[in-house]
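**Student:** Fit chain B to the supplied structure of chain A, relying on the hints for placement.
2 protein chains.
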Amino acid sequence: MNSTASATGPQTTTRTLADPDTPFAVVDVHKTLRNIERLQARADRLGVTLRPHVKTAKSLDVAALLHDGTPPCPVTVSTLAEAEAFADGGYTDITYAVGIDPHKLPRVMALLRRGVRLRVLLDSPEQAESVARAAQRAGLLIPAQIEIDCDGHRGGIKPDDPALTEIGRILHDAGSLDGVLTHAGESYFAYTAEEQRLAARHERDAAVAAAERLRAAGLPVTTVSVGSTPTAHAVEDLTGVTELRAGNYVFFDLVMAGLAVCAIDDLALSVVVTVIGHRPEYGWIITDGGWMAMSRDRGTSVQAQDHGYGLVTDLDGNLLPDLVMTAASQEHGTLTARDDATLPDLPVGTRLRILPNHACATAAQHHGYHVIDSSRTADTAPVIQAVWPRITGW
Amino acid sequence: MNSTASATGPQTTTRTLADPDTPFAVVDVHKTLRNIERLQARADRLGVTLRPHVKTAKSLDVAALLHDGTPPCPVTVSTLAEAEAFADGGYTDITYAVGIDPHKLPRVMALLRRGVRLRVLLDSPEQAESVARAAQRAGLLIPAQIEIDCDGHRGGIKPDDPALTEIGRILHDAGSLDGVLTHAGESYFAYTAEEQRLAARHERDAAVAAAERLRAAGLPVTTVSVGSTPTAHAVEDLTGVTELRAGNYVFFDLVMAGLAVCAIDDLALSVVVTVIGHRPEYGWIITDGGWMAMSRDRGTSVQAQDHGYGLVTDLDGNLLPDLVMTAASQEHGTLTARDDATLPDLPVGTRLRILPNHACATAAQHHGYHVIDSSRTADTAPVIQAVWPRITGW
Numbered sequence: 001m002n003s004t005a006s007a008t009g010p011q012t013t014t015r016t017l018a019d020p021d022t023p024f025a026v027v028d029v030h031k032t033l034r035n036i037e038r039l040q041a042r043a044d045r046l047g048v049t050l051r052p053h054v055k056t057a058k059s060l061d062v063a064a065l066l067h068d069g070t071p072p073c074p075v076t077v078s079t080l081a082e083a084e085a086f087a088d089g090g091y092t093d094i095t096y097a098v099g100i101d102p103h104k105l106p107r108v109m110a111l112l113r114r115g116v117r118l119r120v121l122l123d124s125p126e127q128a129e130s131v132a133r134a135a136q137r138a139g140l141l142i143p144a145q146i147e148i149d150c151d152g153h154r155g156g157i158k159p160d161d162p163a164l165t166e167i168g169r170i171l172h173d174a175g176s177l178d179g180v181l182t183h184a185g186e187s188y189f190a191y192t193a194e195e196q197r198l199a200a201r202h203e204r205d206a207a208v209a210a211a212e213r214l215r216a217a218g219l220p221v222t223t224v225s226v227g228s229t230p231t232a233h234a235v236e237d238l239t240g241v242t243e244l245r246a247g248n249y250v251f252f253d254l255v256m257a258g259l260a261v262c263a264i265d266d267l268a269l270s271v272v273v274t275v276i277g278h279r280p281e282y283g284w285i286i287t288d289g290g291w292m293a294m295s296r297d298r299g300t301s302v303q304a305q306d307h308g309y310g311l312v313t314d315l316d317g318n319l320l321p322d323l324v325m326t327a328a329s330q331e332h333g334t335l336t337a338r339d340d341a342t343l344p345d346l347p348v349g350t351r352l353r354i355l356p357n358h359a360c361a362t363a364a365q366h367h368g369y370h371v372i373d374s375s376r377t378a379d380t381a382p383v384i385q386a387v388w389p390r391i392t393g394w
Numbered sequence: 001m002n003s004t005a006s007a008t009g010p011q012t013t014t015r016t017l018a019d020p021d022t023p024f025a026v027v028d029v030h031k032t033l034r035n036i037e038r039l040q041a042r043a044d045r046l047g048v049t050l051r052p053h054v055k056t057a058k059s060l061d062v063a064a065l066l067h068d069g070t071p072p073c074p075v076t077v078s079t080l081a082e083a084e085a086f087a088d089g090g091y092t093d094i095t096y097a098v099g100i101d102p103h104k105l106p107r108v109m110a111l112l113r114r115g116v117r118l119r120v121l122l123d124s125p126e127q128a129e130s131v132a133r134a135a136q137r138a139g140l141l142i143p144a145q146i147e148i149d150c151d152g153h154r155g156g157i158k159p160d161d162p163a164l165t166e167i168g169r170i171l172h173d174a175g176s177l178d179g180v181l182t183h184a185g186e187s188y189f190a191y192t193a194e195e196q197r198l199a200a201r202h203e204r205d206a207a208v209a210a211a212e213r214l215r216a217a218g219l220p221v222t223t224v225s226v227g228s229t230p231t232a233h234a235v236e237d238l239t240g241v242t243e244l245r246a247g248n249y250v251f252f253d254l255v256m257a258g259l260a261v262c263a264i265d266d267l268a269l270s271v272v273v274t275v276i277g278h279r280p281e282y283g284w285i286i287t288d289g290g291w292m293a294m295s296r297d298r299g300t301s302v303q304a305q306d307h308g309y310g311l312v313t314d315l316d317g318n319l320l321p322d323l324v325m326t327a328a329s330q331e332h333g334t335l336t337a338r339d340d341a342t343l344p345d346l347p348v349g350t351r352l353r354i355l356p357n358h359a360c361a362t363a364a365q366h367h368g369y370h371v372i373d374s375s376r377t378a379d380t381a382p383v384i385q386a387v388w389p390r391i392t393g394w
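Sequence order for the protein chains is A and B. Everything in the first sequence is counted per the UniProt record's numbering, starting at 1 for the first residue and increasing by one. Everything in the second sequence is counted per the UniProt record's numbering, starting at 1 for the first residue and increasing by one.
Chain A extracted, bound-state conformation (with noise of 0.2 Å):
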């Protein structure tokens, strides 16, 4: 937390949860530290490099909790806007894990040219021939490499596509071809351990097949990338591999919960509300935390337990049994008793927390984190040891 002081001057009181005014979000970093080391660990034992995907937190402050005492480590981005915070931010082995519009390889020039090592992403001849002839006219060579479609989830190719070898080629020919990255975004819906492991061992199978037809064409590969949070935490064997992302287990939310990758206690992130009003004759509480704080993600609608737009702790984070956020306006939440419950007695002006469904949408809701650390007791609400703005648009 060495960028504490500089994120928020010197405090000259001492604030809690329950002194801005709400709705904001709060990262503890307690449980943040906690999720990285576990990953981290993993990492180390299966013998690959974590590449972080930093597009969950969108923060330095929070990155710099990823590789405490030891020079920036390589990350994942979203956008080259993060690319270039990033950057500002001393980071210098970047991945922009978005198919490349060739549009923005000006951007991409310019940060190679500072002497960051930014790797594209593409899929196609075209882009590759794009990045082939920018590189050229700059006198630069731009890393890149082939997305790999490994579980029919969005972008990427086949590792037995005919157009691998022809990309591979393009690229080779260009100095540019760095190697191959797949990510199973179809894990999300992987929901037991097993489906998991087979979601990770397909993954890993994926990327190392194509791997090996480029190098079998002749075309040399240095990485070769896979992950995503749950085969992140699900996979056992990475022999081939040699690096692993994933973004979201920095704060896990209530659909990592609801795929038992990790515990409802592990979430690190939420949001703090007031209670606005009462409908007794609904079943309702209203806050003012609605969907502009939470986002309109719903991801544990498919999951075999439905959390609405959120569960319900107090501001000390201990969980309301049976509470969910069901319905969210602009700037209104409405919390109902689960069944039979009854529902407890909330005034008006008492704040709570609201666990998320995704943290990523929920956090880039906000421009920035209100940090606690509940490993620290207080006689208080938790206090807000610093404020940590958040990187925004593209």
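You can trust all of the hints, since none of them are fake.
For identical chains, the list gives no copy identity; a pair is met inside one copy or between any two copies.
Okay, derived cross-link-like pairs now, SDA-like style, lysine to any residue, Cα gap no bigger than 20 Å in a straight line:
1) Lys104 - Thr392
2) Lys158 - Thr223
3) Lys158 - Pro280
If you're looking for bench data, these hints aren't it; they were derived computationally from the structure.
**Tutor:** Leaving out everything else, chain B in the frame of chain A:
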């Protein structure tokens, strides 16, 4: 558009929608003005003041279109951040239409001291007492409206609730009683013109009945405020009502088009995205506009015609028939052809515009708007007239 120059500075070269890196939000000022004029003409005909809700655009520049050549109009806001920004912009008549959290009263009073007539909203005796106490301690009048529930949508009390006159009495004794306010939120699910007219009648009847009950108890009521975008466009008689509120109508969206409140051609907000890949085996075109650019809002999913995450136009705004954005990751969108339609040939690098389900939610994903004017023809892609910032946070 008098703030165009100040918002962007002098433009040295003409920029079009082909220029900025995608994704980015676009506002068509021609359609926005047309939408504004349509509802203003209705309000004039109905003999009520129009108090636009600025929570959709959250932009002083868009709001300036509401009162071209006249002093700033009365507005409705959903956050104190909006109230403060509009006060800074010279607006002096503001209704904060979310039930008041007593913790936020210091910011309310700071605005009142600046000469802004800011009304708060509440629906319980405890909130009314908080307001009365704060007003007395500060030696200020805090104008307040009582929220009335006309359709069981979220907050408010029924017009016949015994608490109505109790709240009215507390506010009256504190010099705070301004009036009543209701919002027919359920009108978003009124699928026929007749259902919308009925929702509008219920909305008016509830507000007028509440005002009459207060007056019968000797409690003077000044403001009787109603409104939602569907009911504002359906209502035929506003006898007893003093003001009409609506927000979404400046931009409209696919949900409103699905209710036939507007035509798809009226949609003034869209998001420019770029094709970054193809999965012909699945019938997918992949773009760089995911839920981060569109929001997770899927409002049309409960309508007769589900439009996924949005409909697709070319850069000039011409609808590409049968093409729908059917899936979204954080920074990826998937376009598919409806039914058995043929997928159009859209090479990597092609720019498209996505029309959103819910303008309020999609606009909230962006820092500002690239402004075009579709009434001006050009040989190029639409020319960017200005870039307008948005108000964010709480």
